[in-house]
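Q: First residue of the sequence shown? That's 1 in full-length UniProt numbering, and the numbers climb one at a time after it.
Check the hints yourself; a few may be wrong.
Claimed, not checked - In silico DMTMM-like cross-links for lysine to aspartate or glutamate, where the CA-CA straight-line distance does not exceed 25 angstroms:
| id | residue 1 | residue 2 |
| --- | --- | --- |
| 1 | Lys-37 | Asp-88 |
| 2 | Lys-174 | Glu-99 |
| 3 | Lys-24 | Glu-2 |
| 4 | Lys-33 | Asp-5 |
| 5 | Lys-27 | Asp-108 |
| 6 | Lys-4 | Asp-58 |
| 7 | Lys-155 | Glu-176 |
| 8 | Lys-168 | Glu-99 |
| 9 | Lys-7 | Asp-46 |
It should be emphasised that the hints constitute simulated quantities derived from the structure, not laboratory data.
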Amino acid sequence: MEIKDAKVFHDYLNGVIEGEGVKKRTKLYSNAKTFYKSVDSSVSDDQIMYEVYSYEHDGLCYGLTVMQPVCVNGECNVTRGHFHESLDCDEIYCGMGGEGLLLLMDEDYHCHAEKVKVGSVHYINGHLAHRLVNTGNSELKVQCMWPSNAGHDYKRVEEHPFTVRVYKENGELKVEEE
């Protein structure tokens, strides 16, 4: 019997996924300004907001999001957020490092959130839009698994944005509902 090494390796200590077929996307502030309530000129356009590592094989995707502890005019760093194109496709998120929130929005655009921390496991129903929020002072690392046919519907979130924003004031979180 031949024993092979895995083609992909998730280095939990360094927080990256490497190997054959792994894709890495970096979201800079210059491409994320519309995610926030207002533009912050003190944040450099080349500031890395988050990185997404993904690996797809035989209809399943495995990924890792690494978010920086950056605030934009006091608003905590967020991912773009999306619904799935196929609403029947669910997703799992697992907290791997840092602290944050998983912001969820239903099809009537009502929001609720779950705390994300090391070891937390989050089931995301395919009918919910989802966005991560880094509320901590270190990188937020979240592992995710989803079917490759789920797709990403960003336009729906652009047309009907999340109705909740999370701010940090003097180290305390403040949630603003619009």
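Q: Compare the structure with each hint and give your call.
A: Structure-based check of all given hints:
| no. | hint | result |
| --- | --- | --- |
| 1 | Lys-37 / Asp-88 | 31 angstroms, violated |
| 2 | Lys-174 / Glu-99 | 15 angstroms, holds |
| 3 | Lys-24 / Glu-2 | 30 angstroms, violated |
| 4 | Lys-33 / Asp-5 | 41 angstroms, violated |
| 5 | Lys-27 / Asp-108 | 28 angstroms, violated |
| 6 | Lys-4 / Asp-58 | 19 angstroms, holds |
| 7 | Lys-155 / Glu-176 | 23 angstroms, holds |
| 8 | Lys-168 / Glu-99 | 13 angstroms, holds |
| 9 | Lys-7 / Asp-46 | 32 angstroms, violated |
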